[in-house]
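From just these sequences and the hints, can you work out the full model?
Take a look at the letters that make up each chain.
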Amino acid sequence: MEYLATIGVLIAIYVILSSSYNLVIGYGGLSTVAHPIFFAVGAYTAGLLAIHSGLPAVCNVILGGLAAMLASVLLAASALRVSGDYLLIASLGFQLGLLQLIKNLDFTGGPGGLTAIPGTVTGAARTPFFLIVSGLLAVATVWGIRIIVTGPYGRAITAMRDEELAFTALGRDATSMKVVIFAVGCGIAGIAGGVYAYYFQYISPDQFDVLQSAAILTMVVLGGMGTTFGPVVGAVLLLAIPQAITFLNLPPSIMAPTQGIIFTVLVLLFLFLRPAGIVGLSRKTL
Amino acid sequence: MLDPVILAQILWTGIATSAPYVLMTVGFALTLKVTGLWNFAHAGLMAIAFYTIYFVLNFCDLPVVVALPAALIVTGAASLAIEIAGLQVLRDRGSGNLTFFIFTLILSELIIYVITLLFGTEPETLFKSILSPVTIVANIAVSDWDELAVAVAASGLVLLYAFLTWSREGQFLNAVADNARLAELYGISAKRAWRVVSVISAMFIVASMYLIGTHGGVVPNSPLELIITAVIGTLLGGIGRVFAAAAAAVFLGLLQSFSILIIDSRWQNLLLYGVLFITIVVFPRGVRLPPLRLIWTTR
Chain A
1 MEYLATIGVL IAIYVILSSS YNLVIGYGGL STVAHPIFFA VGAYTAGLLA
51 IHSGLPAVCN VILGGLAAML ASVLLAASAL RVSGDYLLIA SLGFQLGLLQ
101 LIKNLDFTGG PGGLTAIPGT VTGAARTPFF LIVSGLLAVA TVWGIRIIVT
151 GPYGRAITAM RDEELAFTAL GRDATSMKVV IFAVGCGIAG IAGGVYAYYF
201 QYISPDQFDV LQSAAILTMV VLGGMGTTFG PVVGAVLLLA IPQAITFLNL
251 PPSIMAPTQG IIFTVLVLLF LFLRPAGIVG LSRKTL
Chain B
287 MLDPVILAQI LWTGIATSAP YVLMTVGFAL TLKVTGLWNF AHAGLMAIAF
337 YTIYFVLNFC DLPVVVALPA ALIVTGAASL AIEIAGLQVL RDRGSGNLTF
387 FIFTLILSEL IIYVITLLFG TEPETLFKSI LSPVTIVANI AVSDWDELAV
437 AVAASGLVLL YAFLTWSREG QFLNAVADNA RLAELYGISA KRAWRVVSVI
487 SAMFIVASMY LIGTHGGVVP NSPLELIITA VIGTLLGGIG RVFAAAAAAV
537 FLGLLQSFSI LIIDSRWQNL LLYGVLFITI VVFPRGVRLP PLRLIWTTR
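Here the protein sequences come in this chain order: A and B.
Just so we're aligned: the first sequence equals residues 1 to 286 in my numbering.
Just so we're aligned: the second sequence equals residues 287 to 585 in my numbering.
Derived from the structure by calculation, the hints contain no laboratory data.
Source: prediction; values computed, not measured.
The C-beta atom is built at its ideal place from N, Cα and C for all residues, glycine as well.
One should not assume that every hint holds.
Residues from chain B that keep clear of chain A, each with C-beta distances beyond 10 Å, as calculated [said to hold, decoys possible]: (1) V438; (2) A469; (3) E470.
Per the computed footprint, the stretches of chain B lying under chain A, defined by three or more beta-carbons under 8 Å from a beta-carbon of chain A, are [what the hints assert, rightly or not]: (4) 509 to 520; (5) 553 to 561.
This is the structure:
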């Protein structure tokens with residue numbers, strides 16, 4: 001039961017991550033793959049504050065979100081000059097560079113990661129507490145993004161994504177809108193990182209590498225990019241199905257790659273059989 | 287004041303160490319030039335190439351003359367299969383760049399997971415010993431591996447240049463790279479060009495992984511890190527300029543080698559990613575040096 005609840009927490013965190021990433025890439029049209037690094041910035045900020053400061057957990061998680069937001073503005077200020085493939089590769093460079101920095105700094109725990117992050121709740125209530133908190137945050141994220149994208153600002157975002165030249169010609173500032181979308185999406189990822197750090201009490205650079213980028217991107221694309229519930233479906237499906245073999249009690253050396261194989265095969269199957277995503281509104285291809 | 291011999295040694299070692307990176311960068315840059323795709327499936331192909339050679343050498347106890355052709359066949363066939371059954375299907379469907387990015391990256395991951403399942407995660411080298419005999423040339427230590435690496439990279443580049451410049455098939459590749467639709471109007475098959483380039487890039491991948499596997503340990507995940515060097519070299523050289531990408535790979539090798547004079551070796555990768563980020567933001571079309579002719583003219 002504890003295991004299932006942990007999977008539930010993980011799914012909720014990934015719903016937050018994939019939905020916030022969908023805001024950036026699906027609605028904003030910003031082709032970045034660096035989302036996991038903002039997740040990492042939030043996780044490390046909250047984790048370090050939890051260890052070294054006496055601040056309450058809520059403050060640390062919010063500060064993690066703000067740190068991720070700040071990091072995203074730094075990336076946006078320089079990299080949003082380019083677009084398309086270039087932005088994708090620039091964001092990859094930013095992510096790998098920052099991860100390398102985390103790996104080599106002593107106060108972040110280096111490649112071994114940050115351990116002994118103090119827990120906020122202990123005992124039997126711990127996992128149900130985090131399940132409820134992360135679940136509520138996931139619902140709030142999906143609901144909040146839906147409100148944004150269905151309102152007047154959301155229509156402006158879509159217009160900017162689809163016809164940037166015309167959007168600019170109407171006197172609107174596309175760059176500042178991109179920075180805002182990017183900062184909001186990455187700030188939410190940072191908050192998810194804070195919750196992750198508090199729940200698992202251990203974070204390491206390897207948890208936020210390029211494979212994470214591929215995983216979150218896949219959740220968004222296969223669920224249905226630019227749809228509210230697509231990333232939710234993608235996250236649930238791609239996290240839950242590979243867990244099915246956990247009950248086979250295979251040794252870790254077989255379990256981990258087998259789960260990876262199931263995940264990647266699922267992605268490839270959906271990519272070819274359902275290219276518009278599971279919740280894709282039209283038959284348009286990506 | 288630094289000893290010139292030390293500087294010369296670092297220069298030589300940097301050039302030799304960059305040789306496998308040159309080969310993989312050329313394969314990656316050529317694919318990007320002709321197909322217009324950032325083919326991250328090359329990471330998976332690198333893993334296939336290395337573990338095929340490793341399997342033939344260590345499990346079948348066969349010599350290198352068998353292992354290398356076997357790797358060429360297996361990697362070439364895998365590359366061709368990815369082109370025909372994967373990339374071409376996505377092209378026909380009119381898929382966007384993100385779909386190609388996901389497909390190639392996830393496919394590499396799948397290959398790496400399968401290889402992890404088969405061979406484990408321990409670092410492996412192609413031969414039991416990676417020590418190479420050394421000779422001293424003008425006070426500089428030159429190993430047999432250094433000579434082999436530089437010779438393979440140089441001959442690979444010369445052969446590719448000759449192929450692209452003088453062979454009919456190579457000229458077709460250039461035509462498709464310039465404008466695939468126009469090339470098709472003149473009766474050149476773009477599909478054929480994409481298939482040819484997939485096989486050529488596989489050859490460069492096999493050569494680079496042989497050199498890497500005879501110089502140090504490789505784990506299934508290594509190719510995902512190695513491919514980043516190819517991406518940086520390609521960007522630094524400028525998209526569509528394969529030989530400039532090769533020069534950029536040498537520059538990256540030298541940058542890393544000389545960086546040990548001023549920074550700790552653990553920061554070398556950060557230097558690499560820093561170059562990637564700065565290149566994209568400051569030189570999105572690559573670094574273009576002024577032509578030599580212009581320098582003469584100004585004089």
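Cross-check of the supplied hints:
No beta-carbon of chain A comes within 10 Å of the beta-carbon of V438 of chain B; the shortest separation is about 28 Å. No beta-carbon of chain A is positioned within 10 Å of the beta-carbon of A469 of chain B; the least distance is around 22 Å. Non-interface call for E470 of chain B relative to chain A: holds, since the shortest CB-CB distance, roughly 22 Å, exceeds 10 Å. Using a Cβ-Cβ cut-off of 8 Å, 4 residues of the stretch 509 to 520 of chain B lie near chain A, which meets the minimum of three, so the contact claim holds.
Three residues within the 8 Å Cβ limit are the bar, and the stretch 553 to 561 of chain B against chain A gives 5, so the coverage statement holds.
Checked against the numbered hints above, the structure violates none of them.
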